[in-house]
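Number of protein chains: 2
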Amino acid sequence: MLWPGVIRHYKEFLPVTGKTPIITLKEGNTPLIQAEKLSNYLDGTVNLYLKYEGLNPTGSFKDRGMTVAISKALEEGCKAVICASTGNTSASAAAYAAQAGMKCVVLIPQGAIALGKLAQALIHGAQVLAVKGNFDQALTLVREITEKYPITLVNSLNPNRIEGQKTAAFEICDHLEVPDFQAMPVGNAGNITAYWKGYQEYFHKGKIRNLPKMLGFQASGAAPIVEEKIIENPETMATAIRIGNPASWRKAEATRDESGGLIDKVTDEEILEAYKLLAEFEGVFVEPASAASLAGVIKLQKTQFFRRAASGRVPTVVCILTGHGLKDPDRAIQTVKEPKLVSARVEAVIEEIGMSNKDKR
Amino acid sequence: MLWPGVIRHYKEFLPVTGKTPIITLKEGNTPLIQAEKLSNYLDGTVNLYLKYEGLNPTGSFKDRGMTVAISKALEEGCKAVICASTGNTSASAAAYAAQAGMKCVVLIPQGAIALGKLAQALIHGAQVLAVKGNFDQALTLVREITEKYPITLVNSLNPNRIEGQKTAAFEICDHLEVPDFQAMPVGNAGNITAYWKGYQEYFHKGKIRNLPKMLGFQASGAAPIVEEKIIENPETMATAIRIGNPASWRKAEATRDESGGLIDKVTDEEILEAYKLLAEFEGVFVEPASAASLAGVIKLQKTQFFRRAASGRVPTVVCILTGHGLKDPDRAIQTVKEPKLVSARVEAVIEEIGMSNKDKR
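Quick mapping for you: the protein sequence lines, in order, are chains A and B. If you want this note's numbering, it's the position in the first sequence, counting the first as 1, plus 10. If you want this note's numbering, it's the position in the second sequence, counting the first as 1, plus 10.
Pulled out of the complex, with its shape left as it was, chain A reads as follows (with noise of 0.2 Å):
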């Protein structure tokens, strides 16, 4: 039972051979949790469940791809790494060069970022730099560098990220057997691009014997593939998928198509209600863009989309959840009410329980 990390369970499926040198934080092989209160909740029109991916080890799904990242750009005897980011792709990949013994450098924006976010790229060793200017810059710095110099990009312009990210998409066939519907945040949209080439690999190799339908949802305030344009200053405080113009676009249109899903956007106000209950319902804490997911597949079961879905059986919905809650604490905080104060009696803390005398064992 002892989980080896994605490359070597998926090796067969990943662009390694006996000879690449395999930088692991054995991520992968998340819990996959069914969820019955919020399947109830959706009046019992799906089968739900949460495929948590906050739990690989940086607390996000970038792990995955990062993992084969790293490992290659060893392989190809790169001594250092970059990427322009603001949270969890710095952190997993300064994590996993760390790992390889690699130098790794992040590039961000000035005075775009606090500190928290990058709290865990620095405490993993990585060089930070804040540029002189915006994400875009940053980005293209990043571009240049790595075409000029033998330093290995790792944004997710590099296909290994795709490749280590599919494997939760096998996970899944793995663990439960293929959904019928796949829900899931978009925000670069590479994910669902890899999930996607995750679901047809394993059709291909008769693995599986139908594929899901892919169902994205966006922030309202970023969502260029649902409004077909280029937001130029996108807005939610789902900050993971606050993306005004997606690396993968194309990509996960086709996505789309070809599975017969959607692309839908949710408001702030439906993500955060989406988080809470997947906390309060399920005990799941999950970074709020990972509860757009969730936010998606309510509003679709409030138009009666999977009751019109549905052929003679309550379909299947497996909600990808790709980060952990304790990436954004301040969100938390600000969503929680500050404890009550009351005196150091028993009788005091059993009133405010809502309990009496007449409760006594």
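Mixed in with the good hints there might be a few duds.
When chains are identical, the list treats them as one kind, so a pair holds in a single copy or across two.
DSSO-like, lysine-lysine: derived pairs with alpha carbons at most 27 Å apart [what the hints assert, rightly or not]:
no., residue 1, residue 2
1, Lys223, Lys47
2, Lys158, Lys370
3, Lys368, Lys142
4, Lys347, Lys142
5, Lys89, Lys350
6, Lys142, Lys350
7, Lys370, Lys142
8, Lys89, Lys47
9, Lys215, Lys47
10, Lys29, Lys215
11, Lys370, Lys113
12, Lys113, Lys286
Source of the hints: derived by calculation from the structure; they are not laboratory data. All of these numbers come straight from a predicted model, not from anything done at the bench.
Since chain A is already given, all that's left is putting chain B on it; use the hints.
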């Protein structure tokens, strides 16, 4: 390969029957990471492994015990659980109670705890009450309430917690072998007791042929077992082990003596150094208390402890890393340096990285 959580996987060793409703977030089966660079750092005197318990669902080892405690509470018809806790216990209790559809009450001492430490309990819907008193008074209240009212105590006094926690020892044996030494932080001392119970049960069942020596480490400012006296005002930045009068004090001493191990103390400086080494050398981010295990191993290595203990081969040491670094983001932020500002030019970035024109591809 679908992991069903610790109760289903280890049910023959746990106080459950076919009738026990199983409340799980798929805790357990956490990574065991071979730490080659740290082994080298320790002059090759040990073969070091890291058991990354921070990858349990709520980010700490507490989930292993909580799945058992909450499942048993539900089986017994209990509608509510209560604990006095300032951190990991309350997060875990709240998450599992949410999954079970039970009420969870958390008592905290007034004014002593930052909201960030309570964010998880609150987001999972626990009723958190600040008691006008100190932690001991909160704990006394919890005990009185659970004696008089039909509410289940889920502090570590609940024996089902220890039962669940022992499964981590099973996993180490199943995944690797019996280590020669196991190193871990010691606070309330329940966990060292739980691991020892696990190893002993496997030994008596004939699943393993020898037992590890148990090495426990307290923080210097909170080392009652080492100093053989209650510490009235324990002080350490490793908050998860800031305990002056451990509940399982005698059992921890028995574990130490029966296993032929030791319980020692490490300074906050040593803990912080180990905390950074784990992140920078192995890509593993832990909460400070977790680093006490590695700090202790480093301290012992300096005294030639492992060389003396070696009998013809390099001994295997497993360090238990009890919680994820994301549990204590403030500590990480205090530890790291602000990113350096650079102009948005390739040459400027390349110079900062320590490269120049001659390094071009």
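- Message: Are any of the numbered hints broken by this structure? If so, which, sorted upward?
- Response: 9
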